[in-house]
Amino acid sequence: MTAHQTLLDIQNLSREFRIGNFLTGRKMLALDDVSLHIGQAPTILSVVGESGCGKTTLAKIVLRLLKPTRGRVMLEGQDSFSGIRGQEFMHRVQPIFQNPFEAFSSRRAVEKYLIDTAMAYGGARHKKQAVEAADKALRSVGLNYDSVCGKYMTQFSGGELQRVSIARALITSPRLIVADEPVAMIDASMKMNIVNLFKSIRDTYGISFIYITHDLSTAYYVSNTIATLYRGSLIEYGPSMEIMERPAHPYTELLMNSVPHVGEKWKKNVRMSEAETREFSLDHCKFAARCNYATDICRQTRPPNVRLSATRSVLCYHPLVAPEE
Amino acid sequence: MLRIEDVTARYSTLTGPVTAVRSTTFDILDNEIFGVAGESGCGKSTLLKVMYDLVQFPLELAQGRVVLDSPAQNGRPGNRYESGSIAKAWWKDMSYIPQAAMSVLNPVYRVDEQFYEIIRRHQGGHKKEHSRDLLASYLSELSLPVDILDSYPHQLSGGMRQRVVIAMATFLKPGMILADEPTTALDVVVQRSILMMLMELQQRMGNTFVIVSHDLGVHYQVTGRLGIMYAGTMVELGPTSQLFDEPLHPYTQMLIGALPKVGDHRPKEGIPGAPPSLRQPIVGCSFEPRCPQRMAICKTLEPAFVQVRPGRSCACHLVPAMKSQPVEEAR
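Which chain is which? The protein sequence lines are C and D, in order. For the first sequence, the numbering used here begins at 46 and goes up steadily by one. For the second sequence, the numbering used here begins at 21 and goes up steadily by one.
FYI, nobody ran anything at the bench for these hints, they're computed from the structure. On a predicted model such as this, the values are computed, not experimentally measured, just so you know. There could be a bad hint or two in this list.
Label-pair ranges, simulated between beta-carbon atoms [as the list claims (entries may be wrong)]:
id, chain 1, residue 1, chain 2, residue 2, range
1, C, Gly-187, D, Ala-324, 44 to 52 Å
2, C, Gly-308, D, Val-326, 27 to 35 Å
3, D, Leu-49, C, Pro-284, 20 to 28 Å
4, D, Lys-343, C, Asn-189, 47 to 55 Å
Every residue gets a Cβ at the ideal spot worked out from N, C-alpha and C, and that includes glycine.
Can you build the whole structure from these sequences, using the hints too?
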């Protein structure tokens with residue numbers, strides 16, 4: 046296999062869904078021309094946005110669970126839908142899901158999932174090898190095979206079970222892990238442990254993450270780059286430090302100000318959106334109706350993708366940060 | 021004012037009782053927003069159910085009682101209710117916004133019908149046309165669109181349904197409103213607008229809100245006083261700003277220390293270990309196995325929940341109780 050410049054290259058990805066039946070239904074653009082890429086260096090890319098912004102659709106397409114309407118996903122130079130076999134794909138890309146209690150069946154001991162993964166995708170030839178692989182993966186998340194063996198999902202706490210599902214993803218030694226809201230169901234006291242685990246896995250094993258979340262404070266804490274989605278469009282992309290400290294898109298600014306911070310109290314209220322599904326297919330700026338900076342042009346044509354620096358871009362007529370010369 | 025007196029509440033299960041709330045005593049005052057925080061399984065929702073007297077099998081009130089003194093307001097005389105009779109106060113003097121409030125609306129009735137039912141049952145006497153005007157003006161007070169009255173719940177977004185339920189719970193202007201995780205499962209922007217709506221309502225009506233949430237950021241923004249629960253009991257209680265500035269209990273200290281902040285890239289640690297099982301009786305301090313500052317006494321003796329500073333209580337051997345001398349109190 047030849048070395049490629051990028052690990053994952055998402056090119057002009059769009060996905061339409063139909064709401065209602067085929068006669069009265071209308072189209073909804075859940076993802077609208079999204080392009081992203083992850084380089085070879087291990088990195089954590091956070092995808093943030095409110096519910097219904099297309100985060101999970103993006104995750105499903107990257108995981109090959111859903112076909113895009115337009116555009117393609119290139120994994121190390123190969124088209125992930127037509128260029129890679131299923132087994133090879135699962136070997137390289139692994140998922141972690143939101144609710145660990147739904148990811149495991151209550152009638153099957155959890156170690157069986159680890160063994161199965163090792164046998165099917167991890168290259169283990171017999172059970173002994175599979176157990177070794179499972180034990181190694183469990184140790185890297187602070188558990189071990191003996192403490193997990195024979196237990197069922199109900200005997201774990203949410204934090205522990207999420208660690209087991211991270212361990213399961215690690216068994217195949219993937220290049221990329223797609224984590225869809227992995228800490229949404231986890232208590233505050235455990236959340237940081239899980240998020241810290243992502244950082245240490247990135248640094249020790251060189252695995253990249255796509256971390257999908259609506260929790261901006263952990264996104265800022267853990268990630269190298271942040272992509273903000275709004276109604277299916279990628280509206281801002283860049284290094285997390287810069288985006289969080291100086292957001293360029295008015296929506297990112299609104300998101301940042303809405304996190305219930307400890308330290309600074311809210312003063313004024315925010316404007317809510319009313320017609321959510323309609324906003325997906327607008328051909329001008331989708332955020333214009335709620336934006337404090339919107340002018341006439343925002344309500345007429347689609348804003349351009351403005352390059353702010355080598356690593357930052359924003360989809361806006363009036364970015365809050367001036368582009369570098 | 022709502023007094024919680026030595027409440028112990030249990031769930032009976034096939035494998036034995038689970039004590040979700042253990043001898044907890046505290047007061048909720050009039051005209052304040054009181055927060056209850058803690059991780060899942062610490063008993064905060066059960067405590068709220070006991071406060072609302074929604075005690076049904078398998079939950080039972082094993083010990084203690086809850087006393088609600090509703091002040092005279094809006095032309096209604098003051099009333100006193102106790103555990104067992106609090107149901108009489110529902111909607112009028114005390115209302116409850118359940119967890120996942122966006123899914124409690126009846127899917128086959130329009131929103132206005134569901135409002136009329138509350139008015140019929142608890143106020144009575146109004147004609148529909150008259151109620152409609154009242155409703156419309158109330159909704160516009162809350163800056164909600166009036167045409168939601170003609171919608172079915174499935175036509176509204178989750179955040180809007182949540183606001184409808186809050187509008188219902190506050191429509192008869194009860195003196196005490198209990199909200200269980202009112203904004204969990206909502207986006208930050210929607211969460212913010214709902215929390216601001218709650219604060220505005222409280223200021224306008226001058227009543228009491230009790231907000232249960234696991235999100236300390238929400239408590240910081242909204243509540244005036246905050247109680248931290250751990251393993252079924254209160255471990256610290258005090259004015260929210262003081263609690264954040266100077267947490268006394270090691271659990272509170274670690275919870276606040278684990279909060280990620282924008283603009284702060286220092287590594288943060290979660291709390292190692294897990295809370296104790298509530299099936300077995302707890303000996304000693306419930307936080308002892310996870311506490312970095314544990315001492316010998318913590319293993320054997322459970323610390324009492326006592327006043328340690330004016331207006332602040334804590335259950336920890338490290339924090340000495342305030343001497344109840346009149347001089348100290350005057351200060």
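### Task
Hint by hint, work out which the structure violates, then give me just those numbers in ascending order.
1, 3
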